[in-house]
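Sequence lines, in order, name chains L, W, B, R and P.
When you read off a place in the first sequence, starting at 1, and then add 2, the result is the number in the working numbering.
When you read off a place in the second sequence, starting at 1, and then add 575, the result is the number in the working numbering.
When you read off a place in the third sequence, starting at 1, and then add 1490, the result is the number in the working numbering.
When you read off a place in the fourth sequence, starting at 1, and then add 1490, the result is the number in the working numbering.
When you read off a place in the fifth sequence, starting at 1, and then add 29, the result is the number in the working numbering.
Do not take every clue at face value.
[Stated by the list, open to error] Here are the simulated DSSO-like pairs of lysine-lysine, each with C-alpha atoms no more than 27 Å apart in a straight line:
(1) K1513/B / K1631/R
(2) K124/L / K220/L
(3) K276/L / K264/L
(4) K250/L / K48/L
(5) K122/L / K294/L
(6) K1568/R / K1602/B
(7) K186/L / K124/L
(8) K852/W / K302/L
(9) K1631/R / K1568/B
(10) K852/W / K1602/B
(11) K1602/B / K1513/R
(12) K1602/R / K852/W
(13) K276/L / K302/L
(14) K1602/B / K1602/R
(15) K1631/B / K852/W
(16) K1631/R / K1516/B
(17) K1631/R / K1631/B
(18) K1568/R / K1631/B
(19) K852/W / K308/L
(20) K1513/B / K1602/R
(21) K264/L / K41/L
[As the list claims (entries may be wrong)] Pulled from the structure, derived: some chain L residues nowhere near chain W, Cβ distances all over 12 Å:
(22) D89
(23) G123
(24) Y156
[To be verified] For the chain R half of the interface with chain B, some residues (derived, Cβ under 10 Å), not all of them:
(25) A1520
(26) I1537
(27) D1584
(28) F1625
(29) G1635
(30) R1640
(31) D1664
(32) D1692
(33) V1729
(34) T1730
(35) S1750
Hint data in this document are derived by calculation from the structure and do not stem from the laboratory.
For glycine and all other residues, C-beta sits at the position ideal for the given N, C-alpha and C.
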Amino acid sequence: ACGGGDDDASSSGGVTDLKVQLSWITDASFSQLYIADSKGYLADEKVKLSLIPGGSDIGAIEGIVASGAADVGMSTDITSLIAAIADGNPLVCIGALYQENLNALMSDPAKPITSVAQLKGKKIGGNQGVQTKFDAMFKLAGLEPDYTFVPTGYGPDPLIKGDVDALAVFVTDEALAYQDTTGKAPTLLTFTEAGLPAYTEPIFVTTDTLKNKRDALKGMLSALKKASADDIADPALGAKLAVDQYGKGNDLTLEHETEHNKAYVKFIESAATKTNGYLWVDPAEISGPIVKGMKASGLKTADVSKILDTSLLEELKEG
Amino acid sequence: MTVMSQSAVQEAREQDVVDRALPPSRGTGRRLRRAGAAVVHAVWPLIALFGAWALWVRAGDVPPAVAPKPGTVLEFLAENAGSFVGDALNTLAVVVGGLVVGAVAGVVLAALSWTSQIARAVINGPALLTQCLPVATITPVLARLFGYGVSTIVVITALISFFPVLVFAATGLRQTPAGADDLFVVLGAGRWTRFWRLAVPSAVPRVLVAMRVSVVAAVAGTMLAQWVMGTSGLGYRLIIAQTSFRTAEAWASSVVSIVLSVLLFAVVSAICRVVEKRFS
Amino acid sequence: MTATATRGAPIRLGGVGKTFSLKRGKSVEAVRDLSLEIQQGEFVALIGPSGCGKSTVLRMIASLDAPTSGTVTVADQKPGELAAQHRLGVAFQDNALLPWSSVRHNLALPYKVAHRPVDRQRIDDLIDLIGLRGFEDARPKQLSGGMRQRVSIARSIVLEPDVLLLDEPFGALDAVTRRRLNGELQRIWMADPVTTVLVTHDVDEALLLADRVVVLSPRPGRVSKVLEVPFARPRTQEVTRTPEFHELVDELTAELDVLSRGSGE
Amino acid sequence: MTATATRGAPIRLGGVGKTFSLKRGKSVEAVRDLSLEIQQGEFVALIGPSGCGKSTVLRMIASLDAPTSGTVTVADQKPGELAAQHRLGVAFQDNALLPWSSVRHNLALPYKVAHRPVDRQRIDDLIDLIGLRGFEDARPKQLSGGMRQRVSIARSIVLEPDVLLLDEPFGALDAVTRRRLNGELQRIWMADPVTTVLVTHDVDEALLLADRVVVLSPRPGRVSKVLEVPFARPRTQEVTRTPEFHELVDELTAELDVLSRGSGE
Amino acid sequence: MTRALRSSAYGALGMVVVLAVWQLLATTGTLGGALTAPTVVARVFGDAEERSTLAQAAVATGGEAVVGFGWSLLTAVVVGLLVTLVRPLRRGVDQLATIESAIPFLSLAPIMLALVSREHVPAAMAAATAFFPLYVAVTAGLDAVSRSVADLCTVLGASRIDTLIRARIPAGLPVIATGFKVGMPLAIVGAVIGEWFGSSDGVGPIMLAAMRGYQMPTMWAAVVATVLVALVLYGVCALLEALVTHRFG
Ligand SMILES: Nc1ncnc2c1ncn2[C@@H]1O[C@H](COP(=O)(O)OP(=O)(O)OP(=O)(O)O)[C@@H](O)[C@H]1O
Ligand SMILES: Nc1ncnc2c1ncn2[C@@H]1O[C@H](COP(=O)(O)OP(=O)(O)OP(=O)(O)O)[C@@H](O)[C@H]1O
Ligand SMILES: Cc1ncc(C[n+]2csc(CCO)c2C)c(N)n1
Ligand SMILES: [Mg+2]
Ligand SMILES: [Mg+2]
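Here chain L stands alone, though its shape is the one from the complex (with noise of 0.2 Å):
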């Protein structure tokens, strides 16, 4: 449904063709994507990006771009990436689709947990791994992690059904379904407001495509930033191209793609896109909050200056 994955990353007529392999199926969390392909944003710029979908949902999207499989990752989150560079991959972020970290702890209105503090003796649920979270949001507010970890599946129903106090959720989808199951809107505890800040879907490649195919990369990344635009003016077309197009066959809902869509347009903007354009990563906070984050969950790290080429966007700024 979205251009085969396997042509050769060549360039035929002035076009390159990079692979973009994406963290997740191809549902609305990728509109700037459809949009700067279907706008003509990328042919103007001539590049062409097959886009690979994701969902093995396990971190893999670092090893698969390492390995050449694809040309550009996006993946999760940050941190992820940037424990992959630590861990020796030569792997390197060039921006990101989203400001900030979408996931959140969610719970009852009714019971509502809005401190890490409250946590204290909670039982709380999420994927497997999440828990070298909690863990970091307890030390970073200073207490010893007190918490039932209950690992649960997909979806809001341990919440719902109070298997647990609160749930660790991407506050673009399992929160939005929430509300729609329960008519009342959940309780949010984001983690960058438990100290754990970081970028979604960083945009990474390694070090060599950076400086092979730097042009069509930064093509790319020009044609992405004025789709980002399209996109935060207009949710619904992004959602539209979806289901229609990009993500035929994954059988999704205009409505449910077009709430979602309008959740996560709100996290293109920020105040640093203000001054530095979209996509735009910034080398402080990753030093600073972010690696500070990791550093609480175990995570290796490595210095900023190995994990952000922010030279593209830097040209695109001033172009």
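For this one, chain L is given, so just place chains W, B, R and P with the ligands on it according to the hints.
Relative to the frame of chain L, chains W, B, R and P with the ligands by itself:
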């Protein structure tokens, strides 16, 4: 049909030859040689595998996110051997528990489906339903039934391991030796007697085949379940190491689980050989 | 000839036919219009050329095959009834021992199936009778062909059935063992004369043991000759050396010879 | 007695012993210190009480069992060599037909295994010989016991082997068919006298067919008596009615009787 | 014919029982909102567009499963024949097969993607998961020769290959066919999981999207579509087993 594995025949024959060639006084030498052969059989696949892995990582300049160097993983294993013992035992306990539950369930369901065509049809559909869905899909429903603890993991393991037993036992129960059915008719055997004294012994060889499949499936199932929703064990360690990009640890966990599989397979195969001799 | 009040059951075959279907619409008519009445407590020997339907007749009496036409009754009931009551003893042509059971367990099987307590003493006696002392724990694959056949014979009589069906029970035995077991069978039968049908290829054996010898024609099997055996019991090996005996042997052999020639087989 | 220049191979058993182990450390000594030389092209009959080790001897010659002590050579080689060259014909006591193959395919098997073109004419002739015309496409379970045995006999000779081992090949046949096939076997063997070992329980048959009759003692099987058969060939049923023949039958029967009595089996 | 009819009638009955229990559990809410009532799922299928999307997806997944199963069977047969012919290899290869089936492929997506080109990942995963039962069934089947048939081959001087072709394979087919019934459902899960590695068709992505979006009717509709495909493929295997057992059993 007396199912006598040709391997057994051949082994017996080879044994005869060895017995003739070597006078009894050289018994220890023979035992040593046989032990040596066993070691060779056990070790060459590992050497081949690690060799291929090392070569691939080196030649392909594979980044650690794809595959770490075997040396790194082995080093990690050696340094943290102690810490893996607990995890391995934890996983082993779940595997054994789930396998026992699964094997019993498989045999019981096969027995039920032996009793009538209706039962067979009513069992087959739902049984198949449990098999063709990914664990992650059914976990939420199971967790609702059995809680978010170890019991659900045992149930998942059992669900994964019962099916081969069901399928092979159900066919095995109908694979009676030539003439035996007639014998039981003539003796005026009731259903129950026919089941216990004819169908069950007849099914043994097939169930043994199933056990060899199931034991390995059970390890994989436990790993998967712990990976999806465990709070301890090798599968849990694997997911945590993975999400934290501790690649060496993640791979070390996998290696330990694979070793566990191989050992359990060897144990079950050995038991199978003994039982097979009894029932052929 | 007919025995005193016995536990046996009469067997009646009325106009029985049996056709088996082979591949591609072909079929074999194994038995045709066969009628035979066997009295309660009678010992009948069934002889006839190989492939003429002897085993098929036995299998129909044992309820293992259903006749294509005609009727079979045992003790005036459907053939299956007797088996259901554990009153039938059969020694199959191919033994049908349970491969996973020892000699002793194979002999205990009829008790277990009938939910009766296993009579160890009787099993031991039978093991002695068939000369398998020392092989109680051996499994069928550890026995010689003749030894297996002897276990099968012992199993057929272990429960003292009302009807005994023996399909060439002595075929794999040497002459000496065969004669000894012939004698034992006669002794056992005389002590408790149950209805017995013995399929055999040995005319001497048929005349030594049976009240009547029924000769079947080549396929399709029909009754070609019925011979009442006049000798008093107990019949010893002496009888077999009398001219009367030889005469009957020759008569039966001639009949078989003619039958075989006729069939061209 | 010894035939003219033949394709056969000599068989030598030198002090052969065979012990099988049973459960719990028990064991059976099936054969003890058995020595026997069989000439190229000689026809030897092996008789002896049930369970005395006849099949075991045959299996050792066929390389199916290895002797516990002593040596067995066939054509001055290890027993397996002849089989490997497809020069061995065996009719097993239990027939050993391929259950999934038709009669025709069972008879074609030796050709296929030997990678020789299947001689359809010969197979057809053999099917006629054993009286199974019409059953070419039947599978073993559709045959009577005697029919199966006949297929097994035909299969053993289909490739005209150098050594023929027959384990009670006629045990399940009626007297008439048996005698007819005895005659056929003699005819075939005289036309092409290959080394043949025939296990039988029928003394008449042994004397009718063999150059020498070897009597085995009860378990553990040893050679108890060897008898040269003096009759000229071809031997017809006439010979079996001569006093000389009866004398030998009696001599062998007496020997078997004594042996059996001695063993108490 | 009537037997086939009767058994499919019973099969339908089995499915009715499942549906009834499922409906009961779902409407009483015993198992939480994650379980959707069959009536609700039926409504999803009622929509023509949904129906064709799901049908296409199920057929795609079924196709991947069949291709994977085919590769896996081919490998199992080749390797099984090899270790049966070359005995000394047997134990080591058993071990390699065990290792193969114990590799947590789900957690090793990058390796899978490094080894197999992306569009083949679902089929490759199907092959990887179905391989072990097929291998065990093939090797066990090839060993299931009766002693008398084995003896026959020996005296006929059959080479290992001939013994294999004339005795071991026919004797082993019933066991191998039973193995099909175990391998086929595994191939289907394998294909679904393989689709999670980044596929644009098949039921896998539908399940993922629906799970995450808490679109339980869609998710269970995908499950039903998968099960239907599984029933068909399993039915084919069962039929094959019946034929083979009748012919060679
Ligand atoms: N299950 C079967 N299917 C097809 N044909 C069969 C079946 N059973 C027996 N027959 C055929 O019926 C005929 C009679 O067989 P039966 O076994 O009764 O012979 P028999 O008299 O016992 O012969 P034998 O003395 O050789 O044992 C044979 O031609 C045989 O081929
Ligand atoms: N595989 C085996 N395991 C154990 N014991 C065996 C085995 N094969 C044969 N025997 C024993 O060896 C002895 C001789 O057996 P064999 O089959 O050679 O006898 P036979 O002379 O052919 O008898 P029959 O005439 O009854 O066929 C028997 O006591 C038997 O129990
Ligand atoms: C941009 C974007 N990336 C990833 C996911 C999928 N996903 C991966 S982890 C996670 C949160 C855990 O519940 C979610 C929702 C998505 N839906 N949108
Ligand atoms: Mg018969
Ligand atoms: Mg024998």
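Taking the hints in turn, this is what the structure says about them:
1. Annotation: proposed proximity of K1513/B to K1631/R holds, straight-line Cα distance about 13 Å (limit 27 Å).
2. Taking the CA atoms of K124/L and K220/L, the gap is near 47 Å; set against the 27 Å cutoff, the hint is violated.
3. This hinted pair checks out: K276/L and K264/L have alpha carbons roughly 19 Å apart, not beyond 27 Å.
4. Of the pairs offered as hints, the one joining K250/L and K48/L holds, with about 25 Å between alpha carbons and a cut-off of 27 Å not exceeded.
5. At most 27 Å may separate the alpha-carbon atoms for a hinted pair to count; K122/L and K294/L meet this at roughly 22 Å.
6. Of the supplied pair hints, the one linking K1568/R and K1602/B is violated, its CA atoms being roughly 48 Å apart against a limit of 27 Å.
7. Under the criterion of a C-alpha separation no larger than 27 Å, the hint pairing K186/L with K124/L is consistent with the structure, at around 22 Å.
8. Simply put, K852/W and K302/L have alpha-carbon atoms about 55 Å apart, too far for the 27 Å limit, and the pair is violated.
9. Distance check on the hinted pair: K1631/R and K1568/B sit about 26 Å apart at the alpha-carbon level, within 27 Å; holds.
10. Of the supplied pair hints, the one linking K852/W and K1602/B holds, its CA atoms being roughly 24 Å apart against a limit of 27 Å.
11. Taking the CA atoms of K1602/B and K1513/R, the gap is about 24 Å. The hint holds against a cut of 27 Å.
12. Note on K1602/R and K852/W: the hinted pairing is violated, with a Cα-Cα distance of about 31 Å set against a maximum of 27 Å.
13. Only pairs whose Cα atoms come within 27 Å are accepted, and K276/L paired with K302/L is rejected, the gap being roughly 31 Å.
14. Restraint check: the Cα-Cα separation between K1602/B and K1602/R comes to about 47 Å, which exceeds 27 Å; the hinted pair is violated.
15. Under the criterion of a C-alpha separation no larger than 27 Å, the hint pairing K1631/B with K852/W is consistent with the structure, at around 11 Å.
16. For the proposed pair K1631/R and K1516/B, the alpha carbon gap of about 16 Å is at most 27 Å, so the pair holds.
17. Note on K1631/R and K1631/B: the hinted pairing holds, with a Cα-Cα distance of about 21 Å set against a maximum of 27 Å.
18. Annotation: proposed proximity of K1568/R to K1631/B holds, straight-line Cα distance about 26 Å (limit 27 Å).
19. The suggested pairing of K852/W with K308/L is violated, with an alpha-carbon distance near 64 Å, which exceeds 27 Å.
20. The suggested pairing of K1513/B with K1602/R holds, with an alpha-carbon distance near 24 Å, which does not exceed 27 Å.
21. Our distance criterion of 27 Å between C-alpha atoms is met by K264/L and K41/L, whose separation comes to about 20 Å.
22. For D89/L, the shortest C-beta to C-beta distance to chain W comes to about 5 Å, within the 12 Å cut-off, and the non-interface label is violated.
23. Under the 12 Å C-beta cut-off, the non-interface status given to G123/L relative to chain W holds; the minimum distance is some 17 Å.
24. Once the 12 Å rule is applied to beta carbons, Y156/L is inconsistent with being away from chain W; the minimum gap is 7 Å.
25. Taking 10 Å as the C-beta contact cut-off toward chain B, the hint placing A1520/R at the interface holds, the least distance being around 9 Å.
26. Hint status for I1537/R: holds, given a least beta-carbon distance of 7 Å to chain B, under 10 Å.
27. Interface restraint check for D1584/R: the shortest CB-CB distance to chain B comes to about 7 Å, inside 10 Å, so the restraint holds.
28. Checking F1625/R against chain B by beta carbon gives a least distance of about 8 Å; that is within 10 Å, so the hint holds.
29. The restraint placing G1635/R at the interface with chain B holds, with a minimum CB-CB distance near 4 Å, inside the 10 Å limit.
30. The interface hint given for R1640/R holds, since its Cβ lies 7 Å from the closest Cβ of chain B, which is under the 10 Å cut-off.
31. Below 10 Å, beta-carbon pairs count as interface contacts, and D1664/R has one with chain B at about 4 Å; its hint therefore holds.
32. Contact between D1692/R and chain B, as hinted, is supported at the beta carbon level, the nearest pair being about 7 Å apart and thus within 10 Å.
33. For V1729/R, the shortest C-beta to C-beta distance to chain B is roughly 17 Å, which exceeds 10 Å, and the interface hint is violated.
34. Violation of the interface hint for T1730/R is found here, the shortest Cβ-Cβ separation to chain B being roughly 13 Å, above the 10 Å cut-off.
35. At about 4 Å, the closest approach between the beta carbon of S1750/R and any beta carbon in chain B falls short of 10 Å, and the interface hint on this residue holds.
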